[in-house]
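Colleague: The listed protein sequences derive, respectively, from chains A and B. According to this note's numbering, the first sequence is numbered sequentially starting from 2. According to this note's numbering, the second sequence is numbered sequentially starting from 460.
If you are wondering where the hints come from, they were derived from the structure by calculation, not from laboratory data. Do not take every clue at face value.
[Claimed, not checked] Facing chain B, a subset of chain A residues (Cβ under 10 Å, in silico): (1) ALA26; (2) LYS35; (3) VAL39; (4) ILE112; (5) ALA114; (6) SER115; (7) PRO117; (8) ILE128; (9) ALA217; (10) PHE243; (11) ILE271; (12) LEU273; (13) ALA279; (14) VAL282.
For each residue, glycine too, the CB sits at the ideal point set by N, CA and C.
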Amino acid sequence: MKIPAERIVIVFSWACALLLLGCVAVIVGYLFIKGGRVLDLELVFGDSSPIDAFMLKNQVYSGLWPAIVGTLSLVAAAIFFAVPVGVASGIYLAEYSRGRVKGVFSLFFDILASIPSIIVGLFGFSIAVFLHQHFSERIYPCLLISALSLAFLVLPYIIRTTQVALESVPLSVRQTAPALGASRLQNIRHVLLPGSFSSLAGGIVLAMGRCAEDTAVIMLTGVVASAGIPRSVLDNYEALPFYIYYISAQYSDAEELAGGFGAALILIIICLMLFSIAFLVKNRFMHQMTRI
Amino acid sequence: MRKEILVEKILFVTAAGSVFATAGVFLFMFYLGLPVITGGHLGDLFTSPWAPEQGLYGIRSMVAGSLLISILSLVFAFPLSLGCSIFIAVLNPGKMGWILKRTVQFMTGIPTVVYGFVGIFLLVPLIRNLFEYGSGMSILTAAFLLAILITPTMVLIFSESFRRVPVSYLDAVKALGGNPVQAFIHVILPYSWQGIIAGLVLAVGRAMGDTMISLMVAGNSVGLPRSILDSGRTLTGHIGLIIAADFDSLEFKSLFACGMILYVFTALIVTTARGLHYRKGAGSFK
C-alpha cells in the first residue's frame with residue numbers, strides 16, 4: 002500500500018500528461034478537419050492554372066499562391082543573410098574566443114535570442130523609416146527589410162547551433178589534424194565543420210521554421226494582405242502567417258474564412274515538415290558521433 | 460600564416476558586429492524614444508490612460524495587461540508542465556512517456572499564429588458561453604492559450620534538469636527500497652530546484668514576449684482591466700497594433716518606451732536564468 006502523497010503525484014502526473022495530449026490533439030485535429038475540407042487546388046491557385054502559376058507566367062491574385070511564394074522567398078532571403086553571419090560568429094565563439102570575451106559575447110547572444118520578435122519588427126520598421134527620411138525615398142518597409150529583420154531574429158539560433166555543433170566534436174577527432182601539423186583554420190575547415198555538418202544543417206532548418214512562422218516581425222516590416230507575387234525585394238509581399246492573422250480579424254464571408262483555415266493547415270504542414278527534417282538530420286548526427 | 464590571422468579578424472568582426480547590433484537595438488530605441496523621456500512625459504507614461512485624441516499616451520494598461528496575462532498563463536502552465544515532466548522523466552510508463560516527449564517536442568514547431576487562429580474559433584466561443592460575459596476575448600482566454608504555448612519550454616527544461624540528477628543518488632534510493640516516486644520527492648526535486656526556477660523564469664520571458672496570441676484573443680481594449688474576464692492589451696500587442704502614419708508623433712515615440720520595457724525585462728530574465736543554470740556547471744540552456 003502506497004502512502005497517499007505518492008499516489009497523488011502519480012495521478013496528478015497522469016492527468017497532466019493526458020490533458021496536454023488532449024489539448025494538442027484538439028488543436029491539430031480541429032485544424033486538419035476544418036482545413037482538410039477546404040484545401041484544394043482552387044484555394045491555392047484561384048482561377049489560374051497551377052502550371053502557369055508555377056512558371057510565374059501570370060500574376061495570381063486570388064488564392065493562397067502569392068502568400069506561399071511570399072513566405073518561401075522570405076525564408077530563403079532571411080536564411081541567405083543569417084547563415085554566413087551566424088556561422089562565422091559561431092565559429093569565432095567556439096574556436097577562437099576565450100575567457101571574458103567569450104562570456105560577454107555569449108551573454109549578448111542569449112539576450113538577442115530572448116528579444117521579443119515584435120521589438121525586432123519595430124526596429125526594422127524604424128530603420129526603414131529612418132533610411133526613407135535620410136537616404137532614399139525608394140526605401141520603405143518591404144521584402145528586403147523583413148528578410149533582414151528575420152535574419153536578425155534567427156541569428157542567435159544559428160550562432161548557438163554552430164557553437165554547440167563545433168564544441169561537441171569529440172576530442173579524439175578534434176586533435177588528430179593538429180597533431181599531424183594542421184593549423185587551426187585547416188582543422189576547422191577540413192575536420193570540425195564537415196564533422197558537425199548534420200548538426201549545423203539541422204539547426205539551420207529549425208531557423209527556417211522560425212522564419213516561416215513568425216508574424217510579429219513581418220507585420221511591421223512590409224507584409225500586406227494583398228500584393229500578388231513580389232517582383233523585387235523592394236516590393237510589398239504577402240505571407241501565410243500574416244494572411245492567417247488578417248483573416249481571423251477581417252474575414253467577411255465563409256469563403257474567406259475557408260482560405261484562413263487552408264492557410265493555417267498549409268503553414269502548420271510546412272513548419273512540421275521543417276521540424277521533422279531538422280530532427281532526422283540531427284539524429285543522424287548523433288548516430289555518427291556515437292560511431293566515432 | 461597571414462591568411463590565418465585575416466580569417467580570425469573577419470570572424471571576430473562578424474561576432475562583434477552581432478553583439479553591437481544587439482546593443483544597437485536598445486540604443487536606437489532609446490534615441491528615438493528620448494523625446495518621451497526628456498519632454499517631461501515620463502511620469503505621464505505610467506499614470507495616464509491611452510487616449511491619443513486627448514494627447515495622453517499612458518501605457519499603464521498595457522503594462523498591467525502584459526503582467527496579468529503572463530502571470531496567469533504561468534499559473535496554468537506551471538503545474539501542467541511539472542506533471543508532464545514527472546511523467547516523462549520519472550514515471551516514464553513505456554510507450555506513453557515516449558509519446559508525450561515527442562508531442563512536446565513537436566509542439567515547439569507549431570506556429571504561434573496557428574494557436575491564435577484555433578483559439579479564436581474554439582476557445583473564444585467556449586469562454587463566452589461559459590461565463591456569459593463580454594465577447595469571450597479576454598485576459599483569461601489569452602492566458603489559457605499562452606499556457607499551452609509556454610508549456611513545452613518548461614517541460615523540456617524541467618525534464619532535462621530531472622535527468623541531470625547523478626545516477627548514484629538514484630541508485631542509493633533504489634538500494635534503500637525506494638520507488639521512483641519516492642526518489643522524485645526526496646532526491647530529484649530538492650536537487651533540481653534551480654532548473655525548475657530557470658524554466659519558470661524563461662517561460663515568463665516567453666509569455667511576455669509573445670505578440671500574436673494576446674493580439675488575436677485578448678480583445679485589445681485600452682482600459683485598465685478590472686477582472687480576468689475583461690479584455691486587455693499587452694505591450695507587445697500594443698506595438699503591433701499601431702499603424703504609424705506619423706513617425707514623428709509622440710504617439711509613435713511612446714512605442715519605444717514599450718519596447719525598452721520589454722527589452723530590459725527579457726534581458727534581465729535571461730541573465731537570471733543563465734546565473735541559475737551555469738551554477739550547476741552545465742552548458743548553454745538553448
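Colleague: Now tell me, hint by hint, if it's right for this structure.
Modeller: Tested hints:
1. ALA26: Result: holds, 9 Å to nearest chain B Cβ.
2. LYS35: holds (8 Å)
3. VAL39: violated (13 Å)
4. ILE112: holds (5 Å)
5. ALA114: holds (7 Å)
6. SER115: holds (4 Å)
7. PRO117: Interface hint status for PRO117/A: holds (3 Å vs cutoff 10 Å).
8. ILE128: The hint holds - ILE128/A has a Cβ within 10 Å of chain B, the shortest such distance being about 8 Å.
9. ALA217: OK, holds: ALA217/A within 10 Å of chain B, min 4 Å.
10. PHE243: holds (8 Å)
11. ILE271: Nearest chain B Cβ about 9 Å off; hint holds.
12. LEU273: holds (5 Å)
13. ALA279: OK, holds: ALA279/A within 10 Å of chain B, min 9 Å.
14. VAL282: violated (14 Å)
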